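Colleague: Here is how the chains run, residue by residue.
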Amino acid sequence: MRRTMGLVITALLVSSAATPVRAYLKLGSPVAGRIVDVTWRGPVKYFVSETEAPGLSAGDLRAAVSRAASTWQAVPAATVRFEYQGMTTASPGVVDGRTTIGFLDRPELDRVLGSTSFLIDTTDGTVLEADVFFNSRFAWSVSAGGTPGRVDLESVALHEMGHLLGLSHSALGETELTGSGGRRVTASGSIMFPIAMSAGTIADRVLQADDMAGISDLYPAAGRVEATGGITGRVTKNGHGLLGAHVVAFHPETGVTVGNFALNQNGEFAIIRLEPGPYILRVEPLDDAEVDSFFSAAIDVNFRVTYAPRMVVAPRGGSSAPIEIKVLPK
Amino acid sequence: MKCASALVRRCSSAFVLGCLSVVSASAQEAPALRAHRVVLEGGLVWSGSYGIGDVTAQMRSNAPGTTPPPVTWFAVSSEVGAAASAVARIGFTLTPGVMIEGGGMFGMPRVAMTITADAEAGPQQLEGEQLKQYVIDGALVWQLPLRFGPRLRSFVSGGAGYLRQLHEERTLAETGQVYYAGVGARYWFRGGAGRGRSLGLRGDLRANFRRGGIDFEDRTRVYPTAGVHLFFGL
Chain A
23 MRRTMGLVIT ALLVSSAATP VRAYLKLGSP VAGRIVDVTW RGPVKYFVSE TEAPGLSAGD
83 LRAAVSRAAS TWQAVPAATV RFEYQGMTTA SPGVVDGRTT IGFLDRPELD RVLGSTSFLI
143 DTTDGTVLEA DVFFNSRFAW SVSAGGTPGR VDLESVALHE MGHLLGLSHS ALGETELTGS
203 GGRRVTASGS IMFPIAMSAG TIADRVLQAD DMAGISDLYP AAGRVEATGG ITGRVTKNGH
263 GLLGAHVVAF HPETGVTVGN FALNQNGEFA IIRLEPGPYI LRVEPLDDAE VDSFFSAAID
323 VNFRVTYAPR MVVAPRGGSS APIEIKVLPK
Chain B
3 MKCASALVRR CSSAFVLGCL SVVSASAQEA PALRAHRVVL EGGLVWSGSY GIGDVTAQMR
63 SNAPGTTPPP VTWFAVSSEV GAAASAVARI GFTLTPGVMI EGGGMFGMPR VAMTITADAE
123 AGPQQLEGEQ LKQYVIDGAL VWQLPLRFGP RLRSFVSGGA GYLRQLHEER TLAETGQVYY
183 AGVGARYWFR GGAGRGRSLG LRGDLRANFR RGGIDFEDRT RVYPTAGVHL FFGL
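These protein sequence lines map, in sequence, to chains A and B. First residue of the first sequence: 23, per my numbering; consecutive thereafter. First residue of the second sequence: 3, per my numbering; consecutive thereafter.
FYI, nobody ran anything at the bench for these hints, they're computed from the structure. Just so it is clear, the structure is predicted and the values come from calculations on it, not from any experiment. Accuracy of the hints is not assured; some may be wrong.
[What the hints assert, rightly or not] If you only want the chain A side, here are some residues facing chain B, beta carbon under 10 Å, derived: (1) Tyr106; (2) Leu194; (3) Arg206; (4) Gly251; (5) Pro298; (6) Pro331.
[What the hints assert, rightly or not] Each pair of labels, with its calculated beta carbon distance range: (7) A:Ser318 - B:Thr222: 51 to 59 Å; (8) B:Asp56 - A:Val313: 31 to 39 Å; (9) B:Tyr164 - A:Val313: 48 to 56 Å; (10) B:Gly50 - A:Glu346: 55 to 63 Å; (11) A:Ser318 - B:Trp48: 51 to 59 Å; (12) A:Ser88 - B:Asp56: 40 to 48 Å; (13) A:Arg326 - B:Asp56: 20 to 28 Å; (14) B:Ile138 - A:Ala96: 41 to 49 Å; (15) A:Gly204 - B:Asp56: 35 to 43 Å; (16) A:Ser79 - B:Gln127: 57 to 65 Å; (17) B:Gly124 - A:Ser318: 46 to 54 Å; (18) B:Gly140 - A:Arg103: 50 to 58 Å; (19) B:Gln127 - A:Pro351: 15 to 23 Å.
[Unchecked claim] Residues from chain A that keep clear of chain B, each with C-beta distances beyond 10 Å, as calculated: (20) Thr111; (21) Asp132; (22) Pro242; (23) Ser342.
Positions of the beta carbon are idealized from the N, C-alpha and C atoms, including for glycine.
Just chain A, same shape as in the assembly (with noise of 0.2 Å):
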């Protein structure tokens, strides 16, 4: 057989990967000595469990993750497409090559609302089977303006869904530590920050910059790798390469925040996807969230916040000259 199963597992509040994971933005897969994307090559056929949650039914539950799944398919620089094949009574998590979407009932993981876990082509990267499954134990709402207490099922879905087509976790966050040892989610810029927001709050609906700059990476419209441009750089401390060091691009006409993370130990990162123009680079630590949500080995958080010293721009079609960002230890 030249498929093996490689299973990774995200989740939103907490986070780990069974296999080598590139973090950030997309899912990866070792595949002949390099990492590639993880993605599906048709359509997302989906089906969803007929187990219910308290208080929601599969009825629910279906409608929520259909949402979801449009909201995903209607941004307008990527090909995103999922088919509803219909109610199941299989479990998801269970390998069976479907994809299966619903509740499970999982007490011991008293902090994670939800998790996405993946069937994979280990010689491609294709996806063949990915299952959702979203922690009963906690209290779901489906109400079109949220209820206060009750974590919103389709945010959600919206998240789970972004994992299932292969984006990984975004950084754009900023949180605080809790009396409970938790982080609470002060603000947030991505739909993909594995930190939900509070009980009672819809924001999560709604896709933001960094997510749909992520879906159009791995499922490009037509046209769209012509119209659009990436930075490259490298980060460096103490004039060596800095792994993990977050880099934001801002945009100043447009507000956009888009970000990625220096993948490698000469600190190189790329920002890719972005709408064309000049952008402010700010390098960040690491320190908002659980570092293993995003990588599964120690990085180096201890040095300042950084601006690059220009802008740069994002050409149409291309990519910046790289553009070495020194930072300072704190």
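Starting from the known structure of chain A, arrange chain B on it as the hints suggest.
Modeller: Showing chain B alone in chain A's frame:
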């Protein structure tokens, strides 16, 4: 009423004196360019600085609703700095007092940026980038019928131009328009009497209204320019 009549008489007298002095100035031999001739010019122009926008990077706050109020992440204030440019112009005199002209200007102003309101970093001035800026324009110049000396004559001008700004990496050009109105004067070293070629110095002061180009708020920007050119009337 008596006082009012006296005031009217004084005003009338001042008006008549004013008319006489204009007639007197016109009657004298003011320096002028020759009609239907080409005038070549070259020199330097200094452009004043102007802001190109104050913007904020924002994220969504953790609040109820689909569009929660934004949180400022950091703020950026930017300006195009003052710069000197080289200028070359060619004109054609329709009459001794009226000239149409066109020209090009090249300069390298610097875009400066200041970061503020970042909770994780102090306020800082970034190095910025150096633009390559080109302006190609056309204008109408009217020599005023006023005389300030045997070699000096003032003028007013107005025109419009095409602006092209190239970012430092030379991979993106931003274009726009420049409209301007100004005053100036010519000083003749040679010629100016209606015969022969002329050579002199021209000084310009302009108010410029810029649309487009690099700008973070898509607004009209106003900035001054001052220029000094050598002119050569054929």
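Colleague: State for each hint whether it applies.
Modeller: We went through each hint and held it up to the structure:
{"no.": "1", "hint": "Tyr106", "in the structure": "24 Å, violated"}
{"no.": "2", "hint": "Leu194", "in the structure": "7 Å, holds"}
{"no.": "3", "hint": "Arg206", "in the structure": "7 Å, holds"}
{"no.": "4", "hint": "Gly251", "in the structure": "8 Å, holds"}
{"no.": "5", "hint": "Pro298", "in the structure": "6 Å, holds"}
{"no.": "6", "hint": "Pro331", "in the structure": "4 Å, holds"}
{"no.": "7", "hint": "A:Ser318 - B:Thr222: 51 to 59 Å", "in the structure": "52 Å, holds"}
{"no.": "8", "hint": "B:Asp56 - A:Val313: 31 to 39 Å", "in the structure": "35 Å, holds"}
{"no.": "9", "hint": "B:Tyr164 - A:Val313: 48 to 56 Å", "in the structure": "51 Å, holds"}
{"no.": "10", "hint": "B:Gly50 - A:Glu346: 55 to 63 Å", "in the structure": "33 Å, violated"}
{"no.": "11", "hint": "A:Ser318 - B:Trp48: 51 to 59 Å", "in the structure": "58 Å, holds"}
{"no.": "12", "hint": "A:Ser88 - B:Asp56: 40 to 48 Å", "in the structure": "42 Å, holds"}
{"no.": "13", "hint": "A:Arg326 - B:Asp56: 20 to 28 Å", "in the structure": "24 Å, holds"}
{"no.": "14", "hint": "B:Ile138 - A:Ala96: 41 to 49 Å", "in the structure": "43 Å, holds"}
{"no.": "15", "hint": "A:Gly204 - B:Asp56: 35 to 43 Å", "in the structure": "36 Å, holds"}
{"no.": "16", "hint": "A:Ser79 - B:Gln127: 57 to 65 Å", "in the structure": "58 Å, holds"}
{"no.": "17", "hint": "B:Gly124 - A:Ser318: 46 to 54 Å", "in the structure": "34 Å, violated"}
{"no.": "18", "hint": "B:Gly140 - A:Arg103: 50 to 58 Å", "in the structure": "53 Å, holds"}
{"no.": "19", "hint": "B:Gln127 - A:Pro351: 15 to 23 Å", "in the structure": "22 Å, holds"}
{"no.": "20", "hint": "Thr111", "in the structure": "34 Å, holds"}
{"no.": "21", "hint": "Asp132", "in the structure": "21 Å, holds"}
{"no.": "22", "hint": "Pro242", "in the structure": "20 Å, holds"}
{"no.": "23", "hint": "Ser342", "in the structure": "6 Å, violated"}
Of the numbered hints given earlier, the model fails hints 1, 10, 17 and 23; all others are met.
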